[in-house]
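Trainee: So the chains spell out like this:
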Amino acid sequence: SAVISQKPSRDICQRGTSLTIQCQVDSQVTMMFWYRQQPGQSLTLIATANQGSEATYESGFVIDKFPISRPNLTFSTLTVSNMSPEDSSIYLCSVEETGGQPQHFGDGTRLSIL
Amino acid sequence: QKEVEQNSGPLSVPEGAIASLNCTYSDRGSQSFFWYRQYSGKSPELIMFIYSNGDKEDGRFTAQLNKASQYVSLLIRDSQPSDSATYLCAVPGGSQGNLIFGKGTKLSVKP
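Chains as they are written, first to last, in my numbering: chain D, 1 to 114; chain L, 1 to 111.
Okay, chain D solo, but in the shape it has when bound (with noise of 0.2 Å):
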């Protein structure tokens, strides 16, 4: 299965504030999932990145607060913007591999806004 690093593990921010996380597969692969995880609850997909096409946003989320870059086929990133503590959150970056085998998800990054 594919391997995905995530950076920043963890951070902590100001609110008002914007941060990027980036992930990173070591295949190419089609589809990226962006997840978040709020304190206590499950997984919330966020979006889908496409390489070569815009992101496509579930219900609740908008690229304004939530952009997201795919500029190749082992790459995204995900920018949080304008943070309030609401976005405290895990978030995940996943990846669907080819031959329908099962997703697996990068060690996260664990955000806190003051």
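One thing to keep in mind: the hints can contain errors.
Cross-link-like lysine-lysine pairs, in silico, BS3-like; alpha carbons within 30 Å at most [to be verified]: (1) LYS106(L) x LYS7(D); (2) LYS65(D) x LYS42(L); (3) LYS103(L) x LYS7(D); (4) LYS103(L) x LYS65(D); (5) LYS2(L) x LYS65(D).
Note that these hints are calculated values from the structure, not bench results.
Position chain L against the provided structure of chain D, taking the given hints into account.
Mentor: Here is chain L on its own, set in the frame of chain D:
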């Protein structure tokens, strides 16, 4: 809207016992089912997946699928304190290939 339901627990079992974790799903057309284990402060780790009705065994873990009842379960035999974690059930969400997750069941294995 596809939904996945799990009892949030906590489920407490003594060491060496069988832990039984249950999950129901709303979409009768779901074809694949996944169990993830998540330790506190860590990301989810895939432990089992099942596509066909019946049982699938992998070491101490057994996944059981009953599509007629829209029910999938995870059995952990000879439970160990290291199995204490939250277990997430997931099904494919749609055309994007993403997963829909249940809220997870917190398992505590007492020595």
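Trainee: For each hint, tell me whether it holds in the structure or not.
Mentor: Structure-based check of each hint:
Taken as a hint, the LYS106(L) and LYS7(D) pair is honoured in the structure, with Cα atoms around 28 Å apart against an allowance of 30 Å. A threshold of 30 Å between alpha carbons decides the hint, and for LYS65(D) with LYS42(L) the separation of about 25 Å falls inside it, so the pair holds. A distance of roughly 26 Å separates the Cα atoms of LYS103(L) and LYS7(D); the hinted pair therefore holds under the 30 Å criterion. Restraint check for LYS103(L) and LYS65(D): satisfied, since their Cα atoms lie roughly 25 Å apart, inside the 30 Å limit.
Annotation: proposed proximity of LYS2(L) to LYS65(D) holds, straight-line Cα distance about 25 Å (limit 30 Å).
Figure legend: structure checked against the earlier numbered hints; every hint is met.
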